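Please model the entire structure based on the sequences and the hints provided.
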Amino acid sequence: MRNVTVVGAGKTPFGAFADQNLRSLAVTAGTKALANARTGPDAIEAFYLGNFAGPQFTSQNHLAPWISTALGMTGIPSTRFEAACASSGSAFFHAFMAVSAEIYDVVMVAGVEKMTSQPTARVTEILAGAGDSLTEVLVGSTFPSLFAMIARRHMHDFGTTREHLAAVAAKNHENGALNPDAQMRKAITLEQAMNGRPIAEPLNLYDCSLISDGAAAVVLCAADRAREFSDKPVRVMGVAQASDFVALDRKQDITTFPALRAAAHGAYGMAGVGANDIEFAELHDCFTIAEIVAMEDLGFVERGRGGFFSFEGGTRRNGEKPINASGGLKSKGHPVGATGVAQICDVVQQLRCEAGERQLKRHSLGLAQNLGGSGATCVVTILGRD
Amino acid sequence: MGVNKIRTGTVYTETVVHLAPERFAGNVPYQVIIVSLDEAGGRITARVEGERVAIDDRVVETESLNGIPTFRKS
Chain A
2 MRNVTVVGAG KTPFGAFADQ NLRSLAVTAG TKALANARTG PDAIEAFYLG
52 NFAGPQFTSQ NHLAPWISTA LGMTGIPSTR FEAACASSGS AFFHAFMAVS
102 AEIYDVVMVA GVEKMTSQPT ARVTEILAGA GDSLTEVLVG STFPSLFAMI
152 ARRHMHDFGT TREHLAAVAA KNHENGALNP DAQMRKAITL EQAMNGRPIA
202 EPLNLYDCSL ISDGAAAVVL CAADRAREFS DKPVRVMGVA QASDFVALDR
252 KQDITTFPAL RAAAHGAYGM AGVGANDIEF AELHDCFTIA EIVAMEDLGF
302 VERGRGGFFS FEGGTRRNGE KPINASGGLK SKGHPVGATG VAQICDVVQQ
352 LRCEAGERQL KRHSLGLAQN LGGSGATCVV TILGRD
Chain B
16 MGVNKIRTGT VYTETVVHLA PERFAGNVPY QVIIVSLDEA GGRITARVEG
66 ERVAIDDRVV ETESLNGIPT FRKS
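If you're matching them up, the sequences are chains A and B in order.
Quick note, the first sequence lines up with residues 2 to 387 if you use this note's numbering.
Quick note, the second sequence lines up with residues 16 to 89 if you use this note's numbering.
If you're looking for bench data, these hints aren't it; they were derived computationally from the structure.
A quick note: this is a predicted structure, and the numbers were derived from the prediction, not measured.
Any given hint might turn out to be false.
In silico SDA-like pairs for lysine to any residue, Cα to Cα no more than 20 angstroms straight-line [unchecked claim]:
{"#": "1", "chain 1": "A", "residue 1": "252", "chain 2": "B", "residue 2": "52"}
{"#": "2", "chain 1": "B", "residue 1": "88", "chain 2": "A", "residue 2": "202"}
{"#": "3", "chain 1": "B", "residue 1": "88", "chain 2": "A", "residue 2": "252"}
{"#": "4", "chain 1": "A", "residue 1": "252", "chain 2": "B", "residue 2": "84"}
{"#": "5", "chain 1": "A", "residue 1": "252", "chain 2": "B", "residue 2": "53"}
{"#": "6", "chain 1": "A", "residue 1": "252", "chain 2": "B", "residue 2": "57"}
{"#": "7", "chain 1": "A", "residue 1": "252", "chain 2": "B", "residue 2": "54"}
{"#": "8", "chain 1": "A", "residue 1": "252", "chain 2": "B", "residue 2": "51"}
{"#": "9", "chain 1": "A", "residue 1": "252", "chain 2": "B", "residue 2": "56"}
{"#": "10", "chain 1": "A", "residue 1": "252", "chain 2": "B", "residue 2": "55"}
As structure tokens, then:
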């Protein structure tokens, strides 16, 4: 295994873009990542694409070569990875492994989703496809309802409150308001976050991430060649992926994600660091409760304390452990297949000290955590300055 | 599916769905639960008929609607 660096990163803004299609979004992000790495398509030896439901959202299949050729790459392996909301995290993990194993020196990982061309009920139906179609989906479970059931049980077992959930939403909106690429650049009060339209009780509109269009891309490179491409390469210190049951009712305890704990264990081990060493993180807040469970499973706080820690301000930009300084999925937006790589772009931006008003004081070691479904796939990545 | 034994259990968690997928859009709001079953062991996801239930409530299976496992408070 050799060291691997991120030498280029690029994203589209996230939002609803009627004039953009799945491919044009991915091409925009990929082109930015190449420019950021001071290189062109000829340097790329393999293309890894994360996408959850392009075929259902847009009727287009065979997405990876459809996109890579539009970026000017031909004659290289171009492959799509699908792992629900962890699709591009999974693509990143596999790309890392190939560079680390000395199969390639330079590869691109992109993630993309185009969701806003469908009405909300249809989007809800497509997203439910990340659950178990033979059991929970058959009954009428939606994605929000699965996380609502996690929230109910977390409240029951640990005393997490409705206010705690609202504090996560308000904090992420506060951060997203400062992010020029965020979909919802609007601060909200705790009271607003408490009183949104109900979606799946106890979750309301403000507990749920957004329906978004967007793409993100990074160029990965063997560490010994990093300086050819960047003056500020970022080292992938550790990365791991793990899996678990797709159906929520198969899990013994739904207030924790075993795949997240396994991926965290792997990433910490590879990086040779522990939870306390991580200075900031981008966590997968598809729903407010998911951020709370993730900070517990990553060992940032004790089990059951995530809600209290959030409510006390521990995860704000000036807090002990800043989480989602980008605004998170909640405010930045959640184009499902783009999210994993977008989180990595956000961590890279902090490490390079390019986050503008959102720049954190401590920014030498960051973590990104990408969750698929109700915990069936998880990827944890630890990044540091090279 | 073998003998149609009436299943009983305890509510492990619950939610009330207000925003449904297309095919269930006409049913909202409806309650979905995960039930810890008394016998077979294990858990299943099910709908609730009638009165709303809470965690730790006892429930009993009713006739399933269109193959959807359905329980009510016992």
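Against the structure, the hints:
1. For the proposed pair residue 252(A) and residue 52(B), the alpha carbon gap of about 14 angstroms is at most 20 angstroms, so the pair holds.
2. Taken as a hint, the residue 88(B) and residue 202(A) pair is honoured in the structure, with Cα atoms around 19 angstroms apart against an allowance of 20 angstroms.
3. Proximity of residue 88(B) to residue 252(A) is assessed by CA-CA distance (about 24 angstroms); at most 20 angstroms being required, the pair is judged violated.
4. Proximity of residue 252(A) to residue 84(B) is assessed by CA-CA distance (about 19 angstroms); at most 20 angstroms being required, the pair is judged to hold.
5. Between residue 252(A) and residue 53(B) the CA atoms are separated by roughly 17 angstroms; this keeps the pair inside 20 angstroms, and the hint holds.
6. A distance of roughly 9 angstroms separates the Cα atoms of residue 252(A) and residue 57(B); the hinted pair therefore holds under the 20 angstroms criterion.
7. Between residue 252(A) and residue 54(B) the CA atoms are separated by roughly 18 angstroms; this keeps the pair inside 20 angstroms, and the hint holds.
8. A threshold of 20 angstroms between alpha carbons decides the hint, and for residue 252(A) with residue 51(B) the separation of about 11 angstroms falls inside it, so the pair holds.
9. Proximity of residue 252(A) to residue 56(B) is assessed by CA-CA distance (about 13 angstroms); at most 20 angstroms being required, the pair is judged to hold.
10. At most 20 angstroms may separate the alpha-carbon atoms for a hinted pair to count; residue 252(A) and residue 55(B) meet this at roughly 16 angstroms.
The structure is inconsistent with hint 3 alone, although it conforms to all the rest.
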